[in-house]
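Peer 1: From just these sequences and the hints, can you work out the full model?
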Amino acid sequence: MALFLFRKLARALLTLVACVTAVFFVLRLAGDPLASLLPDDSPQDVIDAYRVRFGLDRTLWDQYVSYLAAAVRGDLGLSFRDGRPVAEVVAERIPATLQLGLGALVLALATGVPMGVVAALNRNTAIDRLVMAAAVFGFAMPIFFLAILLVFVFAMQFRVLPSAGSDTWAHMILPVVVLAAATAGKVARYMRTAIVDILGQPYIRTATGKGLRRFAVIAAHALPNAAIPLITFLGFELGTLIGGAVVTETVFAWPGIGRLLVVSVGQRDLPVVQAIVLLVAATMVTASLLADIVLAWLDPRLRTALGSRGWASS
Amino acid sequence: MTAVPLETARRRGDRVPLDILLCLVFLGIVATIALCAPLLAPYDYATQNLTARFRPPVFWGGEWQYVLGTDNLGRCVLSRLLYGTQISIAVAFAGALLGAALGIVMGLIAAHFRGWIDDVVSLLVDVQAAVPTIIVALAALAFFGNDLVLFVILVGMHGWDQMARQTRGLVLAARAAGYAEAVAQIGARAPRVYFVHVLPNIAAALLVQVTLTFPATILLETSVSFLGLGIQPPMTSLGQMLGQGRLFLLNAWWIALLPGIVIFITTLSVSLVGDWLRDRFDPTLERHGER
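So the sequences go chain by chain: A and B.
Residue 268 is where the first sequence starts when you use the numbering used here, and the numbers rise one by one after that.
Residue 158 is where the second sequence starts when you use the numbering used here, and the numbers rise one by one after that.
FYI, nobody ran anything at the bench for these hints, they're computed from the structure.
Among the clues, some could well be false.
[Stated by the list, open to error] Derived DMTMM-like pairs (lysine to aspartate or glutamate); straight-line CA-CA distance at most 20 Å:
#1 A/Lys275 / A/Asp566
#2 A/Lys275 / B/Asp275
#3 A/Lys275 / B/Asp276
Peer 2: Below, the structure is given as structure tokens:
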């Protein structure tokens, strides 16, 4: 287990360093940072002064090392827009995104898991087809279209829910539903496959054979075994949720990271954009590391399989 | 090379189910529109008619002059829908091809060289997987400015990591199967082994993988354009129509909802066809890899 942890941790750190490196070089490829900062007709001595101030007169390697060191300290520069530290600008948006994301995750699991189980238990019946049709509907629906459709129906036609903002709990309902829909659909499909698979296993026959009631068999034997691969799956889904949050927050004017990203891209506020990219990368890598550790803790067989090579984590 | 899956299909003997048939018909229509939008459109997509703004579609009490109504600048929604479909499908298609090519090459390289090169490719896959493509795309558009070629490349990055993973696994399996080894033994060089012998054998599985990532590719293009950061006016795309039309949702719902419906039915059809292809030709393909 110690070796497994070490390998996983080293791998996660390596991935993060690679992300930071990629961002650094893409930034340099994007051209002279001063070109977007200073007016076009700036005198040469002003340009030179800024060059020294931002360390652009040093070698690329020097710049890279100090960039890496600063990134580790969480020092990501100043926002072009209002001159505040980027870390501060980004940090104050995190709670809103977490609220939205966790709400959506809970809703997706609370609807997706029962849907999948019901479909699996009624396999190849009308119920199964109905539930699975709803699931496909959920994840084939473009998130921005679902958002607009719900705004149209609930905010404009029936006028029961607010269409934008974050002042009250009612403001949370539409964004959370929109963000959860795709994940709920995929969870349902995933659970159906997993439960159908598990119901054919010998230990389910044993449990049924020793006289356990159907409910007990499902709750005590089938569900825990289906939950293990679900963890890996949710690790993948985090990316969908983060990407979805960008669109959802924009449509509903939700004051989170996604909205900040879209606004910053529009204004070419590069320090904020790169900070968000690194934050997302760090979140994803940490989540995948945690998922691997939880999996290995639940299922010792995976410790050797998962720890061996980078590719095995698929 | 395509004879293999077709034969399998015939041997199984069953017909194409009705829902898949409907999806294929719809995708055929979309493909036709994508190829001949200029011939089908009654007006130019950018021609404004400010005396005919916000005209409703025919089925909502409008006139036949503008079958699907007009938008806030009096532009024909039907024509914009046709041109928008063309642009969206073209960008997604070019992106999907690019992503598939990149993924296949990376997967081949990893499987052929193994060792540290394999490790480097797997690290690149991890890096790609660590940042959702839409975030990468938005960041790159901020860094480099908006540009159509760049946008296509960014859309193409979506899914290359899964393609590389899939290709690597399939190539390793093919090498273990012996025929690749046999061809190499009689003197064929590596490129010939891979491109003439191995790739045609794994093409069906790779094609299924492309079909499975294609809906997400369409959604990536439409999402970024929806946010106003992808396809720029005066060009149009389905996502952009939706993004601009949502401002007029209350009074003229058709401007935003019609392109939304086209996107939805397209992604739904591709998803259903992709699932059907996978279940048919390669039931062993992993189900949970889809994102």
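Peer 1: Could you grab the alpha-carbon distance between A/Lys275 and B/Asp276 and see if it respects the 20 Å cut-off?
Peer 2: holds, 14 Å
Peer 1: A/Lys275 and B/Asp275: Cα distance at most 20 Å?
Peer 2: holds, 17 Å
Peer 1: For the pair we were handed, A/Lys275 and A/Asp566, check the Cα-Cα distance against 20 Å.
Peer 2: holds, 16 Å
No hint from the list above goes unmet by this structure.
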